[in-house]
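Chemist: Construct the complete structure from the given sequences, taking the supplied hints into account.
Protein chains: 2
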Amino acid sequence: MSNLTEPRTLKGFQDFLPERMMPREEVLDIARRVYRSYGFPPIDTPALEYSEILLANVDEGAEIKKQLYRFRDAGDRDVALRFDLTVPLARFTAQHLNELRMPFKRYQMGTVWRGESPQAGRYREFMQCDFDIIGTTSNAADIEIALVICDLLEALRGRFGFEGFEVRVNNRLVLNGLLGELGLADKTVPVLRALDKLPKIGREKVREEMTKEAGLSPEQGGRAIELVEKSTGGNIEILDRLERQFAHNESALRGVGNLRELCHVAEQAGVPEGRIRVDLSICRGLDYYTGTVYETFLTDLPGIGSICSGGRYDNLTGRYTRQALPGVGASLGLDRLLAAMEELNKLPQESTPAPVLMTQFVPERLGDYQRVARELRAVGISVEVFPDAKRIGQQLQYAERRGFRVALIAGPDEFTRGEWKVKNLAARAEEVIPEAEVVDVVRRRLNAV
Amino acid sequence: MSNLTEPRTLKGFQDFLPERMMPREEVLDIARRVYRSYGFPPIDTPALEYSEILLANVDEGAEIKKQLYRFRDAGDRDVALRFDLTVPLARFTAQHLNELRMPFKRYQMGTVWRGESPQAGRYREFMQCDFDIIGTTSNAADIEIALVICDLLEALRGRFGFEGFEVRVNNRLVLNGLLGELGLADKTVPVLRALDKLPKIGREKVREEMTKEAGLSPEQGGRAIELVEKSTGGNIEILDRLERQFAHNESALRGVGNLRELCHVAEQAGVPEGRIRVDLSICRGLDYYTGTVYETFLTDLPGIGSICSGGRYDNLTGRYTRQALPGVGASLGLDRLLAAMEELNKLPQESTPAPVLMTQFVPERLGDYQRVARELRAVGISVEVFPDAKRIGQQLQYAERRGFRVALIAGPDEFTRGEWKVKNLAARAEEVIPEAEVVDVVRRRLNAV
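If you're matching them up, the sequences are chains A and B in order. If you count by the numbering used here, then the first sequence holds residues 12 to 460, one letter each, in order. If you count by the numbering used here, then the second sequence holds residues 12 to 460, one letter each, in order.
Please note: incorrect hints may appear among the correct ones.
[Said to hold, decoys possible] List of simulated lysine-lysine pairs, DSSO-like, C-alpha gap at most 27 angstroms: (1) B/Lys211 <-> B/Lys77; (2) A/Lys77 <-> B/Lys22; (3) A/Lys22 <-> B/Lys77.
Think of the hints as simulated: they come from the structure by calculation, not from any bench. Nothing here was measured: the structure is a model prediction, and the numbers come from that model.
Modeler: Below is the structure:
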C-alpha cells in the first residue's frame with residue numbers, strides 16, 4: 012500500500028472520458044454508415060509492422076523517420092507502430108492481391124502514432140478514417156470520392172448542427188499545366204509543396220520557400236502564386252477559362268475535363284449547389300497525388316483547416332510488387348472535426364448514453380426495476396438502473412449531473428397501486444401512471460424533449 | 012523499382028479482409044448497443060503507457076512480464092503497449108477520480124498486445140470488449156452484469172443463429188467456504204488457480220498441480236475437486252444445499268445469498284429459464300476476483316471455452332491511489348466468439364456491405380446512375396456504383412463473386428423509355444420497371460431474399 016505508482020499518461024497521449032468519447036463514437040458510426048452506403052467494406056491491419064515495410068517509401072531525411080515509434084521486439088525484429096493507414100493499405104493490397112478483386116474498395120478506421128512535438132491540438136496518438144477505391148483509373152471513382160465526402164459532411168451536419176461546408180477540388184494535371192506555362196514543369200513537386208502552405212504561412216513565406224527549395228526567382232514565385240489564386244468565379248467560369256488557356260495542353264485539358272465531369276455528375280446526383288468548388292489553390296503537399304485532389308472546409312470555421320482530404324495516386328503498391336495499382340481516396344480528420352465542434356460549441360455535455368435512470372427505492376423490488384427497464388430496452392430505449400437504494404434525492408442529483416432526461420421511481424405505495432412515477436428532469440415535471448403505460452409515456456417524454 | 016520490399020505481417024499478427032472484418036464490426040456494434048442500453052458509456056485510453064504503470068500490479072515472475080511489448084521511446088521513457096484493458100481502467104479511474112462520479116460505468120473496446128508464442132487461434136494482437144461498474148459493492152451491480160451478458164449473447168444469437176448459451180455463475184465466498192471446510196482456507200489462491208483448469212487439463216493434472224503448488228495431499232486435492240464438481244441439480248437445489256452446508260459460515264452464506272438473488276432477479280426480469288446456471292466449478296484463475304464470477308458457454312460448442320467472463324473485485328485502483336474502489340465487470344472474447352462462429356459455419360461469406368450493385372453501361376449517364384443510387388441510399392439501402400463501363404457480363408460476375416444480391420442496369424434503350432432493369436442475382440430473375448418504382452421494387456426484392 013505504501014508503494015503507490017502515480018497514475019498518469021505519457022506526454023502527447025490522452026484519455027477519453029465519456030463526455031468526449033461519446034461524440035467520437037458517433038462520428039465513427041456516421042462515417043461507417045456513409046462509407047458502407049457506397050459499398051466500401053472495412054478492413055483492418057496490425058498496429059505493429061516491420062519498420063522496413065513502413066519506411067519502404069520514406070525518404071532518408073523525412074520528418075516521419077524521426078517520429079516513428081520504432082524498437083526491437085523480443086524476437087529481435089526491427090518493428091514500429093504505423094504512422095498512417097495508407098502505407099499499411101499498400102502493403103495489404105500487395106500481399107493479398109490474389110484474394111482481392113479489382114476494383115477494390117475499403118475503409119479503415121484506426122489509431123496511428125507519431126512522436127511529434129506535442130502542441131495545441133497535436134497528439135502522438137490519433138485516429139484516421141480512410142476510404143479508398145483501388146484498381147481503376149476511371150474518373151467515376153474520383154467523382155464518387157467527392158460524393159462520399161459530401162454525404163459524410165451532410166450526415167455530420169445533421170448530427171452536430173454546424174452551418175455548412177465546402178468540398179474544394181482541384182487536379183494535379185491542371186496545376187502541372189499552370190506550372191508548365193511558367194517553365195517550371197520539372198519543379199512541380201517542391202513548388203506544389205510550397206504552394207500548399209499558402210493559407211497557413213502566406214505569400215511571402217511561400218515565395219521564399221520556392222526560391223530556397225526549387226530555385227525560383229521571386230518573380231516566378233509570384234506568378235505561380237498568382238496563377239493558383241486566380242480561381243475566382245463559379246466552377247463553370249473557372250473551367251471554361253482553363254479550357255481556353257490550355258487549348259494545346261492535352262494533359263491539363265484532361266484534368267479540366269475530369270473536374271468538369273465531377274461538377275456535372277454531382278449536380279445531377281442531387282448534391283446541393285455550392286457544396287463542391289473548383290479551387291486552383293488546393294494542391295495537397297504530398298508528392299504521390301497525381302490527379303484529383305480534395306480538401307473540405309467548414310464555413311463556420313475555415314481556419315481550422317481541411318477536415319476531409321485526399322486525392323488520386325498512380326501507384327500505391329510500387330514498393331512491394333511490380334504490379335502498379337492506381338487509386339483514389341480520402342480521409343476524415345476525426346480529431347480536427349471534433350476540435351472544430353468543440354470550438355463551435357456543438358458538442359453535447361452528457362456523460363451517459365442512456366436517457367432514462369431507473370431509481371432504486373425498495374431493494375427487494377430489484378426484479379421489478381430490472382423487468383421494467385428491460386421492457387424499455389426491448390423497444391430501443393436505454394435505461395440505467397441505479398445500483399444502490401440511496402435516498403431518492405441523491406439518485407436524482409446523480410441523474411441530473413450525468414445528463415439523464417427521465418427518471419422512473421416506484422416506492423411501496425406505487426407498487427401497491429401498480430403505478431410508476433415518471434420524472435421529466437429537464438421540465439422538472441412529474442406524473443404518476445399505471446405500469447402498462449410506462450413504455451408509451453417514456454417514449455413520448457423523450458421525443459418531446 | 013528493382014528494390015522491392017516483401018509485403019508481410021509480423022508473426023502472430025494478422026490482416027482482416029472484408030469477409031472477416033464485417034462480422035467483427037457487427038459483433039462490436041451489437042456489443043456497443045447492448046452496453047449502451049444498460050447505460051454504460053464508452054471511454055478510451057492510450058495504447059502506450061509507462062511500463063511502470065502497466066506492471067504496478069504484476070508479480071516479479073509473472074508470464075505477462077515476458078510477453079510485454081516494452082521499449083524506450085525517443086524521450087528515453089520506459090514504455091509498453093497495454094496487455095489488457097483492466098490495468099488501464101484502474102489507472103484511468105485513479106487519475107480522474109475527481110471528474111468521475113461514482114458509481115461509474117464504462118465500456119471499452121480496444122486492441123491489446125501480448126508477445127505469446129503464436130499457436131492455433133492465438134495472436135499477439137487481439138481485441139477486448141470490457142464493461143464494468145465501479146464504486147459500488149451492491150449485489151445489484153453483480154446482477155446487472157449477468158443481465159448484460161444474457162442480453163448480449165441473445166443479441167449475438169439473433170444475428171448469427173447459434174443454438175443457445177449458458178451463463179455460469181459462482182461466488183468466490185462460496186468457494187472459499189468450501190475450501191475452508193477442507194482446512195485449505197490459507198491456500199485458496201493456488202487451489203482455485205488449479206481448479207480453474209479442470210475442464211482443460213482434467214482431474215489428474217489438477218490434483219498434481221495442487222500438490223506441487225499448494226502442498227495438498229492427493230486426498231485433499233481429490234476432495235476439493237469433488238466439492239466443486241458436486242454442483243448438480245437446479246439452481247435452487249444447489250443453493251438450498253449450500254445454505255444448509257454453510258449454516259454457520261457467514262461469509263459463505265452471503266455468497267449463497269447473492270447468487271440466490273441473482274437467479275431470482277434474472278427470472279423476474281424475464282431472462283428465459285436455463286440461461287443462468289450456478290456452477291461451483293467456475294472459479295476464474297485470476298487472483299483479484301473476490302465475489303461473483305461469470306463464464307459463458309455456447310451450447311453448440313462448449314469446448315471452445317468461455318466467450319464472456321468476469322467477476323467482482325475489491326480494490327481496482329489500489330496500486331495508484333489510497334482510495335479503494337470495488338467493482339464488477341466482464342469482457343466479451345471477440346476473437347474466440349468469431350472463431351466459434353466460423354467453426355459452426357455461421358459466418359456470412361459476402362465481401363460487400365452493400366446489397367445492390369449499380370452497373371455502368373453508358374458512361375455519359377454516370378450522373379443518372381449516381382442519382383438513382385443516392386435515392387436508394389437515402390432510404391437506407393447501400394449501393395455500389397461500378398466505376399468502369401466494362402461489359403455488363405463482367406460487371407455481373409463481379410457482383411456475384413462479391414455477394415451482391417441485386418444489380419441495376421440501364422442502357423440506351425432503358426434511358427429512352429425511362430425504365431430500369433432489376434436483376435435479382437440470387438433468384439437469377441430479371442424485371443424491367445419504370446424509374447419511379449426502383450426504390451420500392453429493390454426494397455421488396457431485398458426483403459424477400
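Chemist: Next, verify each hint and record whether it holds.
Modeler: Status of each hint after checking the structure:
1. B/Lys211 <-> B/Lys77: holds (24 angstroms)
2. A/Lys77 <-> B/Lys22: holds (25 angstroms)
3. A/Lys22 <-> B/Lys77: holds (25 angstroms)
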